[in-house]
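*Asks:* For the protein sequence lines, the chains are A and B, in the order given. According to the UniProt record's numbering, the stretch in the first sequence is residues 1 to 361, in order. According to the UniProt record's numbering, the stretch in the second sequence is residues 1 to 361, in order.
Incorrect hints may have been included.
As the list claims (entries may be wrong) - A few chain A residues that face chain B, going by a derived Cβ cut-off under 8 Å, partial list only:
id : residue
1  : W77
2  : F84
3  : L88
4  : R91
5  : S115
6  : Y117
7  : M118
8  : R119
9  : G120
10 : H146
11 : L148
12 : G149
13 : I153
14 : A155
15 : Q318
To be verified - Listed next, with one range per pair, are the computed distances between beta-carbon atoms:
id : chain 1 : residue 1 : chain 2 : residue 2 : range
16 : A       : V340      : B       : Q78       : 40 to 46 Å
17 : A       : V340      : B       : S236      : 38 to 44 Å
18 : B       : R62       : A       : G71       : 35 to 41 Å
Don't read these hints as lab results, they were simulated from the structure. Even for Gly, the Cβ is constructed at its ideal location relative to N, Cα and C.
Number of protein chains: 2
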Amino acid sequence: MNTVNVETPGGSYPIHIAAGRLDSLEQSIPDDATSIALVSNPTVAALYADRAKRALAKTGKRLVYIELPDGEAYKDWQTLNLIFDGLLQSRCDRKTVLVALGGGVIGDMVGFAASCYMRGVRFVQVPTTLLAQVDSSVGGKTAVNHPLGKNMIGAFYQPIAVEIDPDVLRTLPSREVSAGLAEVIKYGCIIDAPFFDWCEQNVAALRALDHDAVAYAIKRSCELKAYVVSQDERESGLRAILNFGHTFGHAIEAGLGYGHWLHGEAVGCGMAQAAELSAKVAGLDELGVARVRDLVHAIGCPVTPPNLGTDHWIELMQVDKKTEGGTLRFILLPEIGKAVFQSAPLDVLRQVLHSTAVPVL
Amino acid sequence: MNTVNVETPGGSYPIHIAAGRLDSLEQSIPDDATSIALVSNPTVAALYADRAKRALAKTGKRLVYIELPDGEAYKDWQTLNLIFDGLLQSRCDRKTVLVALGGGVIGDMVGFAASCYMRGVRFVQVPTTLLAQVDSSVGGKTAVNHPLGKNMIGAFYQPIAVEIDPDVLRTLPSREVSAGLAEVIKYGCIIDAPFFDWCEQNVAALRALDHDAVAYAIKRSCELKAYVVSQDERESGLRAILNFGHTFGHAIEAGLGYGHWLHGEAVGCGMAQAAELSAKVAGLDELGVARVRDLVHAIGCPVTPPNLGTDHWIELMQVDKKTEGGTLRFILLPEIGKAVFQSAPLDVLRQVLHSTAVPVL
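Turn these sequences into a full structure, and let the hints steer you where they fit.
*Replies:* This is how it looks when you write it as structure tokens:
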């Protein structure tokens, strides 16, 4: 088993990465827990809930199961409230431990529910998508969407453990594998040039879910994310580099309506756009732009953004929470493996949006 | 001006107490704030919003005003969402500072909104009721109600300042003055016997809003609360003593439906009940029971609880978040000025509920 430790002011916890880890989830439940609330969705539950329940039952503690509808479209307060309803109806108390079994949506919602149920209870992340395993389950960012913006309502709230079983990726649709790989290559782009090289060389093995390649990609991604969030839990500085590609990506998701593109697909495309903007204002050379775009394409993500109309693009990006006082700022690459946070002139941004966009079908 | 400092792991901040402080609110806004969102309700706004706006306008920053419906019945997610709607529609960002102008409901909701808007923005408490000035605005407990329980959804989230202007109490209905005094005498009960004596001696002056008496009661209450929360921000130990009377009180509020009794009235009555239970299991003598009950009565709060039916009482108290693993635990007084956290046998609890309850009219 690989273990990566995350240390933040808000809590320190292990990430355990091991094939078959799903059958040992009881090890993540503290002795003083009064009960366990397992939260999942029908898609994941059909595949893995029984194994998770069997493992958690080994604790001898009362187990409550709560099911949420599946999909980013349900990442809202109404669905979050189903968790609160279930917890309260089952008399869960301050020492109940929540277990999030699912992808990024389940993890974000269970984490936020844990942060505010009775002003905070403990929770464990059991991510079942590649994207959640390499990104969203680590670092304590939790949230739900608001009609006016993605992840606008949430909390920084750390889990007590992240339990990753790479074997569960075998049942993941290939489109979701590609979306997860977008966040994997992101770490190469922003902080680890040798890892970017490694991804280029192993892209076929990664897409085929080769056991060793995937295990290494998850471990390295978790290490890099753990390093960044340990430096800056609340995104007052360094952590912002993890948003590379996300300002463009969030605009794509909001502009098309949540759920049309997967989050990772939008981020993949957004990284290609951010690379182009980097060439114009941050010094990335043309070879670097091509390598980012080609790798995004090679992992199976779109590189051509939808045509939302330049003005609407900018409007959508201004709502994004990385804006401060109305100025648009981006994570950009002076070179591959290095990221900076800087503003871009509106006319240059318009050029990039114009050159990369094609009409929505 | 009196200043009381609160120091917690989640943030340190000053409580400023001064007549006319409402006209100097600009002093609580940090220089790097991008904008200010003032949140109030129609009742308070009609009296004080113009003065607050004039003061805040002195910063030269953009000022957004958001109005919520008035009352505990609106302390729910739907109303909370009006804050998010207003902030997002006005493009408020991570450096916007929220200002809560109102009583405990406004303070709790604005604090919780601040804790989760974009995963956390800064906020200032400007409490306009006595209860909020001596209790709810200090210490960072924020929440909204859920149909199945009071304050079930919330966060520990500290303000950056608490600005108390005792002059605003002149417009407070006397019933609300009594409700606020319940929390004032609570500090005497649990931690400061000389202050309990002082309250007994000054009860007439307090109810008449005598300037010096009220100023001292606010300052002493804030000092005692600041001491308790600095020892234990997240209520893992000492802080629980602040819930003296609250397990009974919350059951009254939930049983009658929120808004029939004021929170402070329910807590006042709950303290009289808790004193009786203290005599049976924690060693408080009969004189102590009588002094608590008489002082609750003298400040103008009810001492006779509604008859909710003993079983329903117990059911309502079990939902309260101070239960752990189903056992009912209470803050009780071995003597006035000293509190302990202990469980009470169900049959003794039933006796107390039976002896003190009268039918609901």
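*Asks:* Indicate, hint by hint, whether the structure satisfies it.
*Replies:* So, going through the hints one by one against the coordinates:
1. Given hint, W77 (chain A) at the interface with chain B, holds; its Cβ is 6 Å from that chain's nearest Cβ, closer than 8 Å.
2. This hint holds: F84 (chain A) has a C-beta 6 Å from the nearest C-beta of chain B, less than the 8 Å allowed.
3. Taking 8 Å as the C-beta contact cut-off toward chain B, the hint placing L88 (chain A) at the interface holds, the least distance being around 4 Å.
4. Annotation: R91 (chain A) was flagged as interfacial toward chain B, and the flag holds, the nearest CB pair being 7 Å apart, inside 8 Å.
5. The interface hint given for S115 (chain A) is met, as the beta carbon of that residue sits about 7 Å from the closest beta carbon of chain B, less than 8 Å.
6. Hint status for Y117 (chain A) relative to chain B: holds, with the closest Cβ pair at about 7 Å, below 8 Å.
7. Checking M118 (chain A) against chain B: minimum C-beta separation of about 4 Å stays under 8 Å; hint holds.
8. A hinted interface residue such as R119 (chain A) counts as satisfied when its beta carbon comes closer than 8 Å to some beta carbon of chain B; here the least separation is about 5 Å, so the hint holds.
9. The beta carbon of G120 (chain A) is positioned within 8 Å of a beta carbon in chain B (closest approach about 7 Å), and the interface hint is therefore held.
10. Given the 8 Å rule on beta carbons, the hint for H146 (chain A) holds: about 6 Å separates it from the nearest Cβ of chain B.
11. Taking 8 Å as the C-beta contact cut-off toward chain B, the hint placing L148 (chain A) at the interface holds, the least distance being around 4 Å.
12. The closest approach between the C-beta of G149 (chain A) and any C-beta of chain B is roughly 6 Å, which is under the 8 Å cut-off, so the hint is satisfied.
13. The interface hint given for I153 (chain A) is met, as the beta carbon of that residue sits about 5 Å from the closest beta carbon of chain B, less than 8 Å.
14. At a threshold of 8 Å, the smallest CB-CB gap from A155 (chain A) to chain B is about 6 Å, leaving the interface hint in force.
15. The beta carbon of Q318 (chain A) is positioned within 8 Å of a beta carbon in chain B (closest approach about 7 Å), and the interface hint is therefore held.
16. V340 (chain A) and Q78 (chain B) have their C-beta atoms about 42 Å apart, which keeps the hinted 40 to 46 Å range intact.
17. Take V340 (chain A) and S236 (chain B): their Cβ atoms lie about 41 Å apart, and the range 38 to 44 Å holds.
18. Taking 35 to 41 Å as the suggested C-beta distance range, the pair R62 (chain B) and G71 (chain A) conforms, at roughly 37 Å.
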